[in-house]
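**Student:** I would like the entire structure built from these sequences, with the hints used as guidance.
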Amino acid sequence: MKIEFLFWRGCPSHPEARELLDEVLAARGIQASIEEVEVTTQEEAERLRFPGSPTIRVDGRDVDPAGAVARPALTCRIYHLPDGRVWPVPTREQLEEALK
Amino acid sequence: MTMALGMEAPAFDLPGVDGENHSLGSYGDAEVLVLVQSCNHCPWVQAWEGRLSAIARDYSERGVRVVAVSSNDVESHPEDSFDEMQARSVAQGFAFDYLYDEPQSLAHALGSERTPEVFVFDRDRRLAYHGAIDDNRDETAVGQHYLRDVLDAVLAGQEPAVRETPAVGCSVKWK
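Listed in order, the protein sequences are those of chains V and X.
Per my numbering, the first sequence starts with residue 112, numbered consecutively.
Per my numbering, the second sequence starts with residue -2, numbered consecutively.
Fair warning: there could be bad hints in the mix.
[What the hints assert, rightly or not] Pairwise CB distance ranges, derived in the manner of DEER restraints:
no.	chain 1	residue 1	chain 2	residue 2	range
1	V	Ile145	X	Gln83	35 to 43 Å
2	V	Val148	X	Leu2	37 to 45 Å
3	X	Gln101	V	Arg158	23 to 31 Å
4	X	Met(-2)	V	Ala137	35 to 43 Å
5	X	Gln141	V	Glu130	16 to 24 Å
6	V	Gly121	X	Met(-2)	17 to 25 Å
7	X	Leu2	V	Gly171	47 to 55 Å
[As the list claims (entries may be wrong)] Just so you have them, the derived chain V footprint on chain X, three or more residues with Cβ under 8 Å:
no.	stretch
8	32 to 46
9	155 to 167
To be clear, the hints were calculated from the coordinates, so they are not data collected in a lab.
Glycine included, C-beta positions come from ideal geometry on N, C-alpha and C.
**Tutor:** This is the structure in structure tokens:
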């Protein structure tokens, strides 16, 4: 399993997302290496199809496919809770689903 | 550099999403003026904007005016354009004024770093509080209602118990 964790330091969301990812991996007993990629320029964002920070891909598939199509940008990424509220990190359920 | 507690509110004259210009003087009758560095695109702002509207409604009769200001560079973040600000204000039913600081002059004067970031000015327009709206992005888990507590204190003529907290959110998008 290949996990990519893309982030931009201008957004404060990535530490929480990384912590949640580590928790979910540990809970499921998955030992996988995580490739952290820091995105620093708009050019990199476009080349990496980076729709915002944080972005997590498992075997190349975004944990939130609907949000992956947003315009590449150095920005905070928007996720949504099941009740529709805006959230700055993926939900635990999204990560669990992606790691199945 | 963020303005220090006790400093005077900076002058401004900026277009609002209501089509009118708003200046510091136009809020002269407010008992308390709350300036909030804000924007459209940031999920941290979006998580708090409903609570900000609730505060604006709850305190309006006591003379509190809440004013959100977006200063973000719209070239890098077109979601924060004036047209998009107007659309979001209507869609979300904002209960506060929402101003566009295209030259980023107010953000520079405040020394803003984050969105959302709150600056509360008392009747003399001195900075009484700077920081977060409350202590949790998740409204179901809030323990400390910083802004409400500050407004209650300032309206009662008292010094707030907490005058500075770290603002948590997206960075201001400078040109």
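**Student:** How does the Cβ-Cβ distance of Leu2(X) and Gly171(V) compare with 47 to 55 Å: does it lie in that range?
**Tutor:** 50 Å, holds
**Student:** How does the Cβ-Cβ distance of Ile145(V) and Gln83(X) compare with 35 to 43 Å: does it lie in that range?
**Tutor:** At 41 Å between Cβs, range holds.
**Student:** Between Val148(V) and Leu2(X), is the Cβ distance one that fits in 37 to 45 Å?
**Tutor:** 40 Å, holds
**Student:** Take the C-beta atom of Met(-2)(X) and the C-beta atom of Ala137(V), compute their distance, and say whether it sits inside 35 to 43 Å.
**Tutor:** Given range 35 to 43 Å: holds, Cβ gap about 41 Å.
**Student:** Holds or violated: 23 to 31 Å for the Cβ distance of Gln101(X) and Arg158(V)?
**Tutor:** 29 Å, holds
**Student:** Falls inside 17 to 25 Å, the C-beta gap from Gly121(V) to Met(-2)(X)?
**Tutor:** 19 Å, holds
**Student:** Do at least three Cβ atoms from the stretch 155 to 167 of chain X come closer than 8 Å to Cβ atoms of chain V?
**Tutor:** holds (count 3)
**Student:** Starting from the hint 16 to 24 Å, judge whether the C-beta atoms of Gln141(X) and Glu130(V) obey it.
**Tutor:** 22 Å, holds
**Student:** Is the coverage entry for the stretch 32 to 46 of chain X by chain V consistent with the three-residue Cβ rule at 8 Å?
**Tutor:** holds (count 6)
Checked against the numbered hints listed earlier, the structure breaks none of them; every hint is satisfied.
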